[in-house]
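Novice: Going left to right, the sequence shown walks through residues 1 to 438 as UniProt numbering numbers them.
Take the hints with a grain of salt, since some may be wrong.
Using 30 Å as the maximum straight-line C-alpha spacing, the simulated DSSO-like pairs for lysine-lysine come out as follows [as the list claims (entries may be wrong)]: (1) Lys105 with Lys183; (2) Lys181 with Lys105; (3) Lys105 with Lys146.
Everything labelled a hint here was simulated from the structure, so no lab data went into it.
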Amino acid sequence: MSNAKGREDKKKKLKGLLKRLQEGEEVGELKEEFKDLLKTVAPQEIPLIEQELIEEGVSTYEISKMCDIHVELFRESVQEKFDLEGIPSGHPLHTLYQENERITKDAELLVLRSSNLRRAGSEGERKKLLEELKDLASGLMGIDRKHYGRQEMIVFPHIERRGIQAVPRVLWRKHDENMGKVKQLLDLLSKEPANWGDFAQSVEEKAQDVSSSLVDMVFRENNILYPTLKELLSRDEWVAVSEQEKQIGYYKVQPGEEWNAEGEAKYPYEVEEGLSDQELGELPEQLKSMLRDQELKPDRYQLVKEEDKKLDTGFLNMDEINAVLNSLPVDITFIDSDNRVRFFSGGHRIFPRTRSVLGRPVKFCHPPGSVDKVKEILKEFKAGRREEAEFWIQAGGKFIHIRFFPVRGKDGKYLGTLEVTQDVTGIRELEGEKRILN
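Use the sequences and the hints to build the structure in full.
Specialist: This is the structure in structure tokens:
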């Protein structure tokens with residue numbers, strides 16, 4: 001059976017079910033029939049079928065009911081296949097599934113609203129629908145920062161450490177492609193249409209492409225990535241993921257509270273074991289087929305070395321610490337809680353500093369005319385009434401930006417003040433974009 005013929009049959013059956021829904025039958029009574037039919041629909045077909053149904057007169061309200069059933073079906077099929085019921089709310093993997101439900105719904109809403117845009121009659125209706133589409137598309141950019149970002153920055157390192165490196169690369173590339181499509185849609189929506197019909201059609205086509213791509217990624221994640229994570233990551237590793245994910249945030253969901261995240265966190269650099277034969281055998285079939293011709297080489301790099309100092313966000317030895325501080329594109333000076341100079345960065349400086357300044361009262365390190373202002377800033381920092389002070393001057397043909405920040409310990413205790421000085425002459429002249437690939 002051809003794809004077009006198959007889709008026509010599915011569409012005919014869906015129309016019949018929607019008609020019965022319109023005639024008064026309860027959603028609950030028809031749910032099982034909807035589910036049996038939707039199980040045969042590939043994710044890429046969903047926006048196409050919905051669009052064709054709308055063109056044949058099915059209301060968007062009825063389609064939205066079908067969307068709700070489809071999301072519920074998606075949830076139940078995931079639970080059945082991957083034992084989602086065994087993953088308590090609040091567990092990072094449960095939260096990822098929750099987000100995918102929301103992404104699926106938003107992707108389908110995108111198609112519905114773009115279809116409504118093409119049918120809009122009055123100017124007021126067009127403007128209203130256009131703003132709704134802009135809001136929805138802008139919201140979809142949060143998938144990149146939140147949902148995709150947590151996977152790329154927090155989750156992928158755990159499987160890369162075990163030698164599975166191709167899958168994260170492929171998924172990350174698809175993430176970028178999807179977000180590129182969303183950005184193209186936003187750019188299109190921001191244009192002033194010369195011809196409304198052509199504009200609305202272009203929006204509709206682009207929205208269908210975005211929707212299909214997002215839903216396709218949902219299925220890739222749920223059928224390949226998440227079962228792999230469920231099989232491989234230990235509880236301690238999930239504790240580490242949980243500790244970090246709040247820093248990035250979530251896509252339109254909030255994690256539940258059933259899962260107890262207490263315990264010793266285990267980060268990717270602490271994982272020493274590779275994949276056992278048993279673990280390889282229990283990976284999803286799609287992943288095993290991708291790995292079949294690859295030699296899995298676990299990452300054995302030892303991050304922590306004997307002379308390292310453990311910092312809150314990494315490990316460095318003293319040579320590295322000095323070199324990093326001397327390589328900063330800014331000058332820094334640390335003034336302790338007694339208002340004495342305790343440290344300054346080396347390297348090329350805008351305002352010279354020598355070791356003779358160490359231990360010197362800060363009031364003697366500034367011109368007499370500015371001493372009172374510096375003392376006032378430090379007093380405000382100590383009292384907790386201020387969190388930043390900034391100034392800018394022009395000297396020797398350069399534009400110099402000077403900022404002061406209070407430095408506080410984990411308990412909030414005032415430890416001192418950091419003075420940061422930067423030559424921003426070139427920065428102020430930047431325009432447009434220069435990406436890493438340019």
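Novice: Could you check the structure against the hints above and give me the numbers of any it violates, in ascending order?
Specialist: No hint contradicted; all consistent.
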